[in-house]
Amino acid sequence: MAESEIADVAVGIDLGTSNSCVSFARGSEIEVLSNAYGENTTASVVNLGADGSITVGNAAKANIIHDPTNTIYSAKRLIGRYFFSEEVKKARAICSYEIIEGESHSVRIKVREENFSLPEVGAMVLRELKSIAEAKLGQQVDKAVITVPAYFNDNQRQATRDAGRIAGLEVLRILNEPTAAALAYGFGRNLQQKVAVYDLGGGTFDISVLEIGNDVFEVLSSSGDTFLGGDDFDDRVIDLLADEFQASQNINLRNDPYALEKLKVAAEDCKKAFSVEDEAEIRIPDVITAPDGTSHSIERRIDKTEFWSLVQDLVMRTLKVCDEALQAANVVARDLDGVILVGGPTRLPAIREAVAEYFQQEPRDGVDPDEVVAKGAAIHAASFVEEDTDAYLLDVTPLSLQVGVAGGLCEPIIERNTPVPIEQSRSFTTARDGQKLVKIKVYQGESREASDNALLGQFEFSGFEPAKRGQVAIDVAFQINTDGIVNVMASDRATGQQASTSITLSSGLSQTELERIEQRGVTERVRTETAPAEAAAAAVGTPASPAEPAVPLADEPELPKMPPAAAAEPAPTPAPDLAQDELEIDEEDLIDGATPSLEEDLAEPIAAVASAEVDALEAEEDDAIVPMVEELDASTPPPGDDEPDSLFGDGSADLTEEDPEVVLQPTLDAVSTEEVNTRPEVEIDLDLECETRVEAAQTHPTFGGAASDELGGEDSEIVDLVGGVDVVRLEPEEGQADGDGEPELDLGSIEELDDSAILLDDAPTDDSEPDPDTH
Amino acid sequence: MRSNATQTSEISALARILDELDYYELLQVERGAEVSAIKRAYHQSSRSFHPDVNRHLKGDVGEAARRIAMRISEAYSVLRDPRRRRAYDQRLDAGREVRIQLAEARSEAGREAVQQRAGRTPQGRQFFKLAEAALARQDLVSAANNLQTALTFEPDNQSFQQMLGEVRAKLR
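In order, the protein sequences belong to chains W and C. My numbering applies: residue 1 is where the first sequence begins, and numbers increase by one. My numbering applies: residue 1 is where the second sequence begins, and numbers increase by one.
Treat the hints with care, as some may be off.
To be verified - Straight-line C-alpha distance at most 27 Å; calculated BS3-like pairs for lysine-lysine:
{"id": "1", "chain 1": "W", "residue 1": "K304", "chain 2": "W", "residue 2": "K272"}
{"id": "2", "chain 1": "C", "residue 1": "K58", "chain 2": "W", "residue 2": "K194"}
{"id": "3", "chain 1": "W", "residue 1": "K143", "chain 2": "W", "residue 2": "K320"}
{"id": "4", "chain 1": "W", "residue 1": "K143", "chain 2": "C", "residue 2": "K129"}
{"id": "5", "chain 1": "W", "residue 1": "K89", "chain 2": "W", "residue 2": "K320"}
{"id": "6", "chain 1": "W", "residue 1": "K320", "chain 2": "W", "residue 2": "K304"}
No wet-lab data here; the hints were simulated from the structure.
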């Protein structure tokens, strides 16, 4: 299809945890674009060479065994996550590459002394796919629809979008994988069907129920688990082998990156074998050399029954999620006209059988589980550049959008499975006279407990005229667009003016960071197509014989040679020498969200003053205190007593829209300090790391004093500025009660909390007296 | 895709009156429409107003198109959900605003359920509580009496009626 001139091409990309796929559609023709080795999927694995070059795909994957510390795989499991999240902790324990903390609690991968953000790693894979498409189509490709698991939250979607941008792609749409699969399945077939898409990928599980009516694809419900995928099946086999080896040889293979990678490859092969066989033979010659010099091997036979016993609970977990999705869609299994399987692991007969039994029907044949998502994305991408829009995708948000309220709880704004795009508004007011700032924490998830949900960010609104408490009305609009990306905007009801908004806490890249990364241009280093012949040979015969070292490359993987590109660069992401020691922190520190994100800040001379204090406090204190100090020091005239907001005013001029992260950090901490100092009894909603910080501060007598010293006696101002952390819901408790009458937030707590924002409800708050006798 | 001129003027016109249209008018369905009709109307509206259709529109018209698309989702979310729809219908009947926030509709529906269960009037609630307390200490006679009294304030409260029936059944 390269022969004809196409002015504008847009491809569909399935950026998978383990494998990725790129596809192109024109009219009714849909083609999967194969890579230089003729493979339709490309491993989402990135290897950094000693010379600074980057290899992506199966050639990189072949390197895992030889060069584990410089080979990044399954990065999708980390994208858009905070460093303190469970998934990142887990990955740090099992991944052979180094995972460290970046600014604002983000995650960085450190390879050969270079730090990469997750969007950059994603961009390397995307860059490879872009090149594959360009080679195949014979022209430049700069537009794409990229798919994500339906259950991805806003952070993960944003990060994926950023990855596309870094790779030099205009991301036309972030599309949900199951929706893409359904589109590929039903496009142009004039179907009237209800279908379920069971999508078990390398790292995530999604289930979506859709109703297809000719050209309309309406998602009725979506559910999922972003902590569950084919990788987990491999891990079960790895655990079995490692445990047995430990028992028989008293050597823990998990401690040796090389041995671990060998186990990983063997486990994956074992899993794949069960797609066609009833039994798998695992042979890992020379898995490790013991301290006494003897070489050990593993030979193990696993039959279908044993494998099933290893993974049965994982499969059952997916079916439980299916229950949820069916219930939300208000359908039962027999209402479904089809079940579509997506993702490599669904090739496993054990899964097919379990799914068939659950849905009481055989899954649809003729759908390639590895390619169907990319094909759907390609169909959708084509509609962006072709004249006719042939299909309408009516998708939903899979996760409830909530705001933090008093007592560490959440209040839903947009429930899950609400169609997108959608906008909902809420009004907030001040809790205190003269308050100049209103803060709102936004979460995604289904729990009433804030800490159980994913924190998207903390938004702060300022720029309104200060007034008596409760007199200010700030209308906040929460939007979710068709990409599933959340947007929060505020306006002052009195003036109708857009309030200035900043995001204080975000796992994503700031605008400036993104630009810096783009300039850094790591994806330029991705070596495409012209992969070395030996790597090609290794890749063609994929991991069929993992035990045989096919690629005699990288015998000295530890080579500390600095890649030229990085050396030449004026350290865009400074390798945090200072913070290096702190990177080796234990789990408790992680919960504290304490140390490591200092790297950037500490590199700044301005912050150096504060660093001593911070070092002293770091065990208990959150690092966000640093930006605060930095911010104060940076603004030449210290904020005067009468204008506590000047500090934000100063910052917001250049920071508000463009670089939202910097502005807000300060208040976050100032609040907690003050709250703790003045009213230690009060329960404050500081989720996750913040919570621990408060506790720590309570037991740490010097903390408050030190902080206010740093602030130059600004503490009282800070209180005003910040007020508190939570949004207090002001509404008769009945109104909050759900049909099932679960106990609701006690109104009494409002009196105790002089918080920065109060959620105003449109419902009258006075006529129905709050029942004094709540259970 | 339809011609841009028609589309643009239609979008602008609709955006101007968007805040005056109730959800039924927006989706162009009858007040008593079945859920299936509402779904059809949602699909039909999406053919004209889904962001994918109008993604090429920039500036004010683009913004107008996005507002319409979001409002259509909102209308559908309320009208397809019986509980939300009931709360919304009551609001329309009372001549209140034509929009309802989704969570609000849910909580209004929830409030209705709570009121049904615990009483709408202060007296009804008071005696219902006394009845509950009596039940808690196994005093069925007192519970029945209090429920009876509660029902004099809210004779049509089915929840009270049902509970009274159960208490009396136990008394026998």
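Query - Those earlier numbered hints the structure runs against, lowest number first - result: Hints 2, 3 and 4 contradicted; others consistent.
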